[in-house]
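Enquirer: Here the protein sequences line up with chains A and B, keeping their order. Quick note: the first sequence, position 357, residue 357 per our numbering, numbers continuous. Quick note: the second sequence, position 72, residue 72 per our numbering, numbers continuous.
No lab work stands behind these hints: they were computed from the structure. Among these hints, one or two may not hold up.
Cut-off 27 Å, straight-line C-alpha distance, at most; resulting in silico cross-link-like pairs (BS3-like, lysine-lysine) [as the list claims (entries may be wrong)]:
hint : chain 1 : residue 1 : chain 2 : residue 2
1    : A       : Lys636    : B       : Lys128
2    : A       : Lys183    : A       : Lys193
3    : A       : Lys641    : A       : Lys593
4    : A       : Lys452    : A       : Lys574
5    : A       : Lys136    : A       : Lys181
6    : A       : Lys641    : A       : Lys677
7    : A       : Lys215    : B       : Lys4
8    : A       : Lys586    : A       : Lys641
9    : A       : Lys250    : A       : Lys276
10   : B       : Lys128    : B       : Lys149
11   : A       : Lys307    : A       : Lys493
12   : A       : Lys636    : A       : Lys289
13   : A       : Lys452    : A       : Lys326
14   : A       : Lys183    : A       : Lys159
15   : A       : Lys170    : A       : Lys136
16   : B       : Lys88     : B       : Lys118
17   : B       : Lys149    : A       : Lys641
18   : A       : Lys181    : A       : Lys159
19   : A       : Lys677    : B       : Lys128
20   : A       : Lys289    : A       : Lys635
21   : A       : Lys326    : A       : Lys574
22   : A       : Lys641    : B       : Lys128
23   : B       : Lys128    : A       : Lys635
24   : A       : Lys193    : B       : Lys88
25   : A       : Lys193    : B       : Lys149
26   : A       : Lys215    : B       : Lys11
27   : A       : Lys452    : A       : Lys593
28   : B       : Lys149    : A       : Lys591
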Amino acid sequence: MNPLPRREFLKGAGALVIGFNLTAARSDRAAAMEIGPYGPPEDQIDSWIEIGEDGHATLFSGCSELGTGSSTGLLQVMAEELDLPFERARLVLPDTNRTPDQFVSSGSRAISAHSRPIRQAAAEARAALVELAAQKLNVPADQLVTAGGAVSVRGTPTKSVTYAELIGGKQFNLRITGKAKPKAPAEYRLVGKSLPRWDIPAKVFGTFTYMQDVKVGGMLHGRVVRPPAQGASVISIDEASVAHIPGLVKIVRVNDLVGVVCRREEQAIAAAQALKVNWSSWTGLPDMKDLHATIRNLPEFPSGYPKNVPGGVLAESGDIDAGLAKAVKTLKATYLSPYHHHGSIGPSCAVADVRGDGVTVWSGTQTPYGTREAVAKFLGLPNQSVRLIYAEASGCYGQNGADDVIIDAVVLSRAVGRPVRVQWSRADENGWEAFKAARISECQGGLDANGKIVAWDARTFGLSGYSRPEYHEPKHGGEPGSLVTAQLAGWTKPGLEEGFAGASNNFEPVYEDVPNKRVVFTYLGPASHRQGPLRLRVGSMRGVGSPDNIFVAECFMDELAAAAGQDAIEFRLKHQPRARGVAVLKAAAEKAKWQSRPSPAPTTTGDIAYGRGVAMLGIDSDTNVAGIFEVAVNKKTGEVKVRRVTIAHDCGLIVNPGAVRNQIEGGVIQSTSRALKEEVTFDRSRVTSLDWASYPVITFNEIPDEIDIVLIDRPDLPPMRVGEPASESVWPGIANAIHDAVGVRLRQLPFTPQRVLAALTGAA
Amino acid sequence: MATKTLRVNGKTVTANVDDLATPLLYVLRNDAGLHGPRFGCGLGQCGACTVHVNGEAVRSCVRPLSSIAASDEIVTLEGLGTQEKPHKLQTAFVEEQAVQCGYCINGMIMQAAALLTKNPKPSIPEIKNALQNNLCRCGTHLRIIRAVKRASEA
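Looking at chain A on its own, in the form it has when it is part of the complex (with noise of 0.2 Å):
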């Protein structure tokens, strides 16, 4: 099949019943570049930046939205940069006909790594708008300024041109050279103020098109049926089961993926419900209340390290046994945690017309070209014949279904000829999506006399964080093996085997002072085939390990804090963060009004225990956080309430405050839940928390009474991360706000009141 003359392509795509609200028409300009096969060559200033005849700047995004607001952020950095009012940026967000690859949209780096070309297209735009202002002017380049979309000669503001008389509706073609220099943030007037998000009034007034809002015509629904057993396969389709159903259209079978396809959706509902599938029995699956001891026996996966971290050595110094010989009091610790859903409140979605001439979908992917790709190959086709649309999704905080789903679409799709929509059901999202792995840790460590740590022993075994079926920036492209639904297709060539990725992330102590050191994460294989080693499959959720690295590692140094009859932010202060660790610890004591004393509170009369508890992240060249959680904990029913949280935040130079602020408080929320509540359940079978019945997340009533946050702007630094490091504070800052409370240490996910009453009977 040989792929379309691009723009008859994009007519056969012309049925779109979509639109944003900022986003820009398809220009022609656009539609004469040059795309390759990861789109615009990013080297172009017009890959990103159009001026249009009405003076508008269109931002060509690779990045996705998921819901965050740093598109918003991206376009104050644009706008900032071509010194344009924010309200004349518009927004087109990833299409693979149109936007640059800008790899994966995840770990919180919309705005720390992604605006980094978008700054640069934009300083080298507007260094080209006076360039060709000082022709027009006949005025030397230096004499003249830029403000308000125009360029005009310094001290003689009449005498200006504006963009849109100087290039509207032409093409840059210039190369983006890294020679015009970005503005220094002194000189910032939209970058660091917290601009409303351009997205809001749609989503409040229901005129927002959400992935799961896009209708394209001549569409028909699909809905899948799931194996009622992670590893069964289909014996044989009963297709008299559904013959009832009006509005069938078609029963699809490929390998072990099932699916049908109606006229209308309930149809679609009522027929994957009625189908009868004869399965395959199945039973592989750990005893649940055996996971962690079934992870801690796995054998350990030696190919998987990464090169610059041979045998898993994340760090090590000095002399573990020495240290623990010479030490006057050591303590050992296990931790665990649990599988996480995402919890995505919109189950994923896609949509895909699958055609002769060439294949469009609709996603609300991370990876839009790493996803294409990976389309592309399950098709057997050259990576143009697809294009791939972003459309904003229900937030996925991480890997959730959104590209698998796809996958059920192209396949129903290409079965009726039509193009179909595909959403999955609750239970399709919880059964099926790719979970937050749980793990298990050991830690070791000793005290000298003088209550200094001499020796710190820590070991987590676990998976890949990695199961996205995109390759690792820079390098462009993916492989459908990762996605559970490709596998179920009958995709064998195995997904993307990148090591343990980012599920080491943060494992090490972030102070200076901690002699005899081993930190070392025990990688035990590939996270992304549902016949891996746990036969649930994995993907990266909100940190990917950070958190379960972080609540270990937090943990564990509260341990050895009260183990010492220290405080726990003196003993903290003692072992030397680096100094922006400093600076948030400090800055949180100070806003929460941290009395000094030991760990735990004084004993109290009466049901209810108070407790604060603290936690903190951060290296020199990422965020740094300092969370201290105050808690409630009930010794008779074993509940705990969060009453409140207070986050001393550096990102370093900080873009859009309100928006930083939105992040760390639903970071902060979530992660109560998570901490609280949540836990993945299975049978030997299969997944059996399906509904939020049965995975309860947090609500209204449990919330955090208040989220005081204090931002530390380091507009000397880049910008950094904003989102998972705040949440990930919260798991060891709760469960030492509980130690403090009622004097037992609960290291398993979640703190429910049955473990909670468990430990305080054990303590008793």
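Given the coordinates of chain A, work out where chain B should sit on it, guided by the hints.
Expert: Quick look at chain B alone, frame taken from chain A:
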């Protein structure tokens, strides 16, 4: 096959469905072309699909068409207010930037609007109780509470 006529946002909507057990949500989304009410669970557990039927907040994903009379007034997020004539809750949600991904926000606003009709000056605990069965996964709860409070004081 059955034909159902509904009053939605002051207009008449006619849908041809196989049977009247069909939940209201699918007619609103696919026949009336509305984006406000959203599919979240199909089980009445999350609240993303919430609409008003005669001023009461109901879960449209489990509300069969058979239970709705032709005279019943159905109002969705689109009918509550528009950018030109916003409901005070919509204004407050924008002012408080009380949205992250926004997928749950339809339900939050519709549930809160039903609350404010009955209780124009709710306390914070009353707001929390009213929204207790509406789930938000982004963790926007505190902003949502602030927005409802702000609207109640507007």
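Enquirer: All hints are to be evaluated individually against the structure, with a verdict given for each.
Expert: Structure-based check of each hint:
1. Lys636(A) with Lys128(B): 25 Å, holds
2. Lys183(A) with Lys193(A): 16 Å, holds
3. Lys641(A) with Lys593(A): Given pair Lys641(A), Lys593(A) holds - Cα atoms ~19 Å apart, limit 27 Å.
4. Lys452(A) with Lys574(A): Holds: Lys452(A) and Lys574(A) sit about 8 Å apart, inside 27 Å.
5. Lys136(A) with Lys181(A): 23 Å, holds
6. Lys641(A) with Lys677(A): Holds - the C-alpha atoms of Lys677(A) and Lys641(A) are around 12 Å apart, at most 27 Å.
7. Lys215(A) with Lys4(B): 22 Å, holds
8. Lys586(A) with Lys641(A): Satisfied, since the Cα-Cα distance of roughly 25 Å is no more than 27 Å.
9. Lys250(A) with Lys276(A): 14 Å, holds
10. Lys128(B) with Lys149(B): 11 Å, holds
11. Lys307(A) with Lys493(A): 24 Å, holds
12. Lys636(A) with Lys289(A): 25 Å, holds
13. Lys452(A) with Lys326(A): 11 Å, holds
14. Lys183(A) with Lys159(A): Given that 27 Å is the threshold and the Cα spacing comes to 23 Å, the pair holds.
15. Lys170(A) with Lys136(A): 16 Å, holds
16. Lys88(B) with Lys118(B): 15 Å, holds
17. Lys149(B) with Lys641(A): Roughly 23 Å separates the two Cα atoms, so the pair holds.
18. Lys181(A) with Lys159(A): Between Lys181(A) and Lys159(A) the Cα gap is close to 25 Å, so the pair holds against 27 Å.
19. Lys677(A) with Lys128(B): Within the cut-off at roughly 19 Å; holds.
20. Lys289(A) with Lys635(A): Satisfied, since the Cα-Cα distance of roughly 25 Å is no more than 27 Å.
21. Lys326(A) with Lys574(A): It holds: about 19 Å lies between the C-alpha atoms, which stays within 27 Å.
22. Lys641(A) with Lys128(B): 15 Å, holds
23. Lys128(B) with Lys635(A): Given pair Lys128(B), Lys635(A) holds - Cα atoms ~25 Å apart, limit 27 Å.
24. Lys193(A) with Lys88(B): 25 Å, holds
25. Lys193(A) with Lys149(B): 25 Å, holds
26. Lys215(A) with Lys11(B): Answer holds: Lys215(A) to Lys11(B) is near 22 Å, not above 27 Å.
27. Lys452(A) with Lys593(A): 25 Å, holds
28. Lys149(B) with Lys591(A): 25 Å, holds
Hint compliance for this structure: no hint is broken.
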